[in-house]
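Assembling the complex is the task here: the two chains are given apart, and the hints tell you how they should meet.
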Amino acid sequence: MAAGFASKWSLVGRSLLGGLNNNLSSLLGTSNGITCSHSLSQQQRTFIQMRTVLKVVDNSGAKKVMCIQALKGKKGARLGDTIVASVKEAHPNGKVKKGKVVYGVVVRAAMQRGRCDGSEVKFDDNAVVLVDKQGQPIGTRVFGPVPHELRKKKHVKILTLAGHIA
Amino acid sequence: MRIEKCWFCSSTIYPGHGIQFVRNDAKIFRFCRSKCHKNFKMKRNPRKVKWTKAYRRLHGKDMTQDSTFEFERKRNRPERYDRNVTENTLKAIKTIDKVRSRREAKHIERRKKGKKAQQMREAVKELEQSISLVKAPSVLKEDPSLTLPKIKVKVSQALAENQPMEE
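If you read the protein sequences in the order shown, they are chains A and B. Numbering-wise, the UniProt record's numbering puts 69 at position 69 of the first sequence, and it's gapless, one number per residue. Numbering-wise, the UniProt record's numbering puts 147 at position 147 of the second sequence, and it's gapless, one number per residue.
I should point out that these hints are in silico values taken from the structure, not numbers from a laboratory. The structure presented is a predicted model; accordingly, all values stated were derived computationally and were not measured. By construction, the Cβ of each residue, glycine as well, lies at the ideal position given by its N, Cα and C atoms. Be aware that a few hints might be false.
[Said to hold, decoys possible] What the simulated footprint calls covered on chain A by chain B, stretch by stretch (three residues with Cβ under 8 Å from a Cβ of chain B suffice, anywhere in the stretch; the number is not a length): (1) 58-67; (2) 120-126.
[Said to hold, decoys possible] EDC-like, lysine to aspartate or glutamate: derived pairs with alpha carbons at most 20 Å apart: (3) A/Lys98 / A/Glu149; (4) A/Lys55 / B/Asp25; (5) A/Lys122 / B/Glu128; (6) B/Lys38 / A/Asp132; (7) B/Lys43 / B/Asp25; (8) B/Lys35 / A/Asp132; (9) B/Lys94 / B/Glu4; (10) B/Lys5 / A/Asp81; (11) B/Lys38 / A/Asp124; (12) B/Lys94 / B/Glu72; (13) B/Lys35 / A/Glu149; (14) B/Lys141 / B/Glu128; (15) B/Lys53 / B/Glu104; (16) B/Lys41 / A/Asp117; (17) A/Lys153 / A/Glu120; (18) B/Lys43 / A/Asp124; (19) B/Lys141 / B/Glu126; (20) B/Lys106 / B/Glu79; (21) A/Lys154 / A/Asp132; (22) B/Lys74 / B/Asp97; (23) B/Lys43 / A/Glu149; (24) B/Lys27 / A/Glu120; (25) A/Lys152 / A/Asp117; (26) A/Lys63 / A/Glu120; (27) B/Lys53 / B/Glu70; (28) B/Lys91 / A/Asp124; (29) B/Lys61 / B/Asp97; (30) A/Lys72 / A/Asp124; (31) A/Lys122 / B/Glu4; (32) A/Lys63 / B/Asp97; (33) B/Lys5 / B/Glu70; (34) B/Lys27 / A/Asp124; (35) B/Lys43 / B/Glu72; (36) B/Lys38 / A/Glu89; (37) B/Lys41 / A/Glu120; (38) B/Lys5 / A/Asp117; (39) B/Lys27 / A/Asp132; (40) B/Lys41 / A/Asp124.
Chain B extracted, bound-state conformation (with noise of 0.2 Å):
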């Protein structure tokens, strides 16, 4: 018995379930359902459709390289059976599935926090490197309210170089 993943989405295949196409060059495509196999009846390619594993891969939206990935490599080649070791990776398979679950959530939730630091850092650095190009220097000179005003930014060093080109 054996756990497939379906060609298309990607998502487990337990036993019972699915239909497997194998085509003339010997090649076996597992389905997990008719929906997966009707896309690919379809020719549609599972890079460009949006709720499959292989397209949330590819543009990030999921974690692609983890070190709990490696404990699920396929091995073909059989194990001779020991109870000990085959109550120890059933326990294993538990721990494993939570850690990556949680590594997966931090993941996600990483990306969409969104980056307001590194954006708000961008913005000061643009603005003073190229206030120039809206006003001119020596009006800034006189004025010096139409400069930004200083806002206490983590990165120190970008405070420091301004202070001596200001004054």
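So here's chain A without its partners, still in its complex pose (with noise of 0.2 Å):
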């Protein structure tokens, strides 16, 4: 419980500076009182919202979207959510094109989203499987792995479409 609370502050905390910059090394630098010897600096994570550009893993032809809308939620989607984008870059011949508005399910995210059993998981980039109004997927093939926190949003299909199961 303690540490739900925790984490739903420090999300509180990282959404109210997301929203300004992103990019929080600077903070972090002075916080720690380190010169940034190491070379990765450590980011602050955030949800998914407007103007952020997420990988799209499955073989419906789009490359890079980027979210115009998350559905739900005031400050972003996270995992597991669907969000509406624009194709940004797409392959030659598929499906989709670039410049088309979709919907989309987020599948990765970089944020750390915590399960019921009390930890959390997060994966290494942001990325969305492309669906219909309905939530079927438009692709056939699913790549990378997903969490199983889809099977609660009722996203069975992309599931079974799925190589792994984190």
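As structure tokens, this is what we get:
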């Protein structure tokens, strides 16, 4: 319970700052008191909001997609939520063309999501699977690991197409 | 429910603790606390970080091979619930833990005790064999006080060898 509260508080804190500027390496640097001698700056991971570019991990034809709207959530979308996005980059011959407005389900998010047993999961990147209005995936394959949070959100089809379930 | 091991420090992760990081090749890294997570993000090798179990095992500071470790192997087959089996397992866990911690303590004690006896033996042997590098053997024969006095060493073979040599 305490862990849940702590994570919520930290999420709120991050979102407030995330709205202004996502890269908080300078803030962390001063608070640590160490000069950034190591190459990796510690980033604060936040929600998926407007203008967030996500990777498309199915074979629908799109490659990169920019979020226009997170349906549900004032601060943005998280792991397992649906978003409205615009296709920014696509394969030349695919079902989806550049500039099209599509729906997508977030299957990997760099921001950690709390699980019901109290632990937290996070992935390496932000990835999305394109779906239609009914929630059925447009593509026929899904690449990379997907979380089993999708089962609760009733995206069973994506889970069956997935190679790994994290 | 499963009790996991931290990828970095090899400590146990109880439910509700820690962060799980899933890499894009579907490898899952579990961390017990942010200390281990941050070290991982810095790309540090746990085998080189002194306080981790991986370092200690690699450098022989902690016990590596023991029969008590066999009990903790990961089993992926779910067991059918049997009350007696569960009861006995819980009792066994306690005793195995006690035995293992006792053996680990012994290992560390043995390591700390040092190798005084062995070093003495080696020193004696070296002195007898290589004293000629320091003093000429003719000088030694004239003045036997320059040789090593007879110390009661447990290795009786060395003494038996020495006596015919010295005379």
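query: Between A/Lys154 and A/Asp132, does the CA-CA distance stay at or below 20 Å?
result: Holds, because 14 Å separates the two Cα atoms, which is no more than 20 Å.
task: Given the hint that B/Lys106 pairs with B/Glu79, test it: the Cα-Cα distance must not exceed 20 Å.
output: Given pair B/Lys106, B/Glu79 is violated - Cα atoms ~34 Å apart, limit 20 Å.
field: Holds or violated: B/Lys5 to B/Glu70, with C-alpha atoms at most 20 Å apart
entry: With a Cα-Cα distance of about 16 Å, the restraint between B/Lys5 and B/Glu70 holds, given a limit of 20 Å.
message: Check whether the Cα positions of B/Lys43 and B/Asp25 lie no farther apart than 20 Å.
response: holds (17 Å)
- prompt: Taking 20 Å as the top limit, are the C-alpha atoms of B/Lys38 and A/Asp124 close enough?
  reply: With a Cα-Cα distance of about 15 Å, the restraint between B/Lys38 and A/Asp124 holds, given a limit of 20 Å.
message: Against the 20 Å threshold, does the CA-CA distance of B/Lys27 and A/Asp132 hold or violate the hint?
response: Given that 20 Å is the threshold and the Cα spacing comes to 30 Å, the pair is violated.
field: Proposed proximity, A/Asp124 with B/Lys43 (alpha carbon, max 20 Å)
entry: Distance ~14 Å between B/Lys43 and A/Asp124 Cα, so the pair holds.
query: Does A/Asp124 lie within 20 Å of A/Lys72 when you go C-alpha to C-alpha?
result: violated (23 Å)
message: Against the 20 Å threshold, does the CA-CA distance of A/Lys152 and A/Asp117 hold or violate the hint?
response: holds (15 Å)
field: Given hint A/Asp117 paired with B/Lys41 - CA-CA distance at most 20 Å
entry: violated (24 Å)
query: Has the given pair, B/Lys41 with A/Glu120, been kept, meaning a C-alpha gap of at most 20 Å?
result: holds (16 Å)
query: Are there three or more residues in the region 58-67 of chain A whose C-beta lies within less than 8 Å of some C-beta in chain B?
result: Result for this restraint: violated, n = 0.
The structure fails to meet hints 1, 3, 5, 6, 8, 10, 13, 16, 20, 23, 26, 28, 30, 32, 35, 36, 39 from the earlier list, while all remaining hints are met.
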